[in-house]
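These protein sequences, in sequence, are chains A and B.
Just so we're aligned, residue 0 is where the first sequence starts under numbering that gives the first Met the number 0, counting upward by one.
Just so we're aligned, residue 0 is where the second sequence starts under numbering that gives the first Met the number 0, counting upward by one.
Check before you lean on any hint, since a few could be wrong.
[Claimed, not checked] Subject to a maximum C-alpha distance of 27 Å in a straight line, what follows is the list of computed DSSO-like cross-link-like pairs (lysine-lysine): (1) B:Lys119 with B:Lys18; (2) A:Lys219 with B:Lys187; (3) B:Lys18 with A:Lys219; (4) B:Lys18 with B:Lys117; (5) B:Lys79 with B:Lys18; (6) B:Lys83 with B:Lys117.
The set of hints was computed from the structure by calculation and includes no laboratory data.
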Amino acid sequence: MDFLAATGRTFLIFLEATGQLAMFTGRSVSHCVRPPLYARQIIRQMIDIGYYSLPVVGLTALFTGMVLALQSYSGFSRFQAEGAIATVVVLSVTRELGPVLAGLMVAGRIGAAMAAEIGTMRVTEQIDALSTLSTNPFKYLVAPRLIAGTTMLPLLVLIADVIGVFGGFLVSVYRLDFNASSYITRTWQFLEPVDVISGLVKAAVFGFVISLMGCYFGYKSRGGAQGVGQATTNAVVAASILILVFNYLITGMFFSTK
Amino acid sequence: MTDTPKIALRNVHKRFGPKVVLNGIDLEVGRGESLVVIGGSGTGKSVMLKCILGLLHPDTGSIRVDGEETTRLGSREREKLLHKFGMLFQGAALFDSIRVWENVAFGLIQGEHMPRPKAKDIAMAKLGAVGLTPEVGELYPAELSGGMQKRVALARAIADEPEIIFFDEPTTGLDPIMADVINELIVKCVKDLGATAVTITHDMASARKIADRIAMIYQGRIIWTGHARDIDASGNAHVDQFVHGRAEGPIQMQIRAL
């Protein structure tokens, strides 16, 4: 019977958490679309998420593109398909690796920072102080982060796409002795708008999820330094897993043949 | 209408899970009065303030401000109501990402949409009123000592000239001289504004200095109220024990043997 009770309790806790998250999401989104918006806060978050993530995302994309070219060469040369490398690189980067890797890197960088900052504000009563100063914490803290995350990640991924393809180009031309102009031609040849667009849609969803998890776990954190540490871990883990799940779902939406 | 109490609590209950924190609080605070609520740690003092502010929702009971029931307000009316309140938090709760003067001006800029230069002038004047120089206004909160942070927090609490000010343990963690400085500032600010003040503390020196009237909270109830000058002749064993800080008496600390 203990086993049943434990299962039931876990299930109830799960339901409660889901409900809380749903309510949190609803409130947050409603504050994103209702004026007034705090432009100063939104710009600050955009710079934080967009501009300061560029080096990390750029390096990730560069090496991913490079390693893709190397790997596909060693694989494809076994059946004389080296010609497909340019296409493989550009499709992999724009559809999958650009958004997913950028999302995971930003989740580590930004999701953690958001959870730690908002969590610290929670445990030091700064969030209560906001309310007593007639400022809605959802509007002042959460909405700017959601807006900035959802708009900045697609931009980051667009840049990551370019850098990733360039990485593949570098390795193919300077290490594997491909002809530069035919590599570029092949890159464009089979690329369709939907490849890039699906990646950008993914990026927007990932940006939303990262900010939401950072804000949610930060907002709910309790009990000092340990609570904030826990919130930070939870935010990154939850964001990373949700990124992978949504990646599958969105891929299914765009590219399912049936 | 002059005898409507500024704040009136009737039979307010609040529990967290199985733990009953407020167990039927009845309390009235008159207009322009300075009430000090004393009581040991964990007796529900802070929870009571947060219920009045609407940061926590009482389970049952009525809380009236200016005769108006506040327990069922929507978020918009609540925001409007909070314009009447200022609060000094126990840990100061200054926003550490913005400068000292921006902290003081926060309610004016975000809450009342005052232009920044004008709000800055007011903030600097308020800093002067608590004995801080304009140079301090340009620093960040982390660069200040504990006593200075408390003074900044006091300046922030009075910046938009609230009708009601709450002080949550204003002297905790300060040396006796700084504690007295804060006490005198509180008395002066409250008198200058003609505001109603509610202070919660366990510092008797502070209570005697600030209070017109003192109330004692014990096990989630108000067990005694009276004029500050009567506190030594309360005729209540609980109050006597607290005022004189004795370990022996009707209040037994729950100290578990290891």
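*Regarding the pair lysine 79 (chain B) and lysine 18 (chain B), is the alpha-carbon distance no greater than 27 Å?*
violated (32 Å)
_So if I understand the rule, the pair passes when the alpha-carbon distance is 27 Å or less; does lysine 219 (chain A) with lysine 187 (chain B) pass?_
violated (38 Å)
*asked:* Would the hint linking lysine 18 (chain B) and lysine 117 (chain B) be met if the CA-CA limit is 27 Å?
replied: violated (47 Å)
*Would you mind confirming whether the straight-line C-alpha gap from lysine 119 (chain B) to lysine 18 (chain B) stays at or under 27 Å?*
It is violated: about 44 Å lies between the C-alpha atoms, which goes past 27 Å.
*Holds or violated: are the alpha carbons of lysine 18 (chain B) and lysine 219 (chain A) at most 27 Å from each other?*
With Cα atoms ~20 Å apart, lysine 18 (chain B) and lysine 219 (chain A) stay inside 27 Å; holds.
*For the pair supplied as a hint, lysine 83 (chain B) and lysine 117 (chain B), confirm whether the alpha-carbon distance does not exceed 27 Å.*
This hinted pair holds, its Cα atoms lying about 21 Å apart.
The structure fails hints 1, 2, 4, 5 (numbered hints given earlier, in ascending order).
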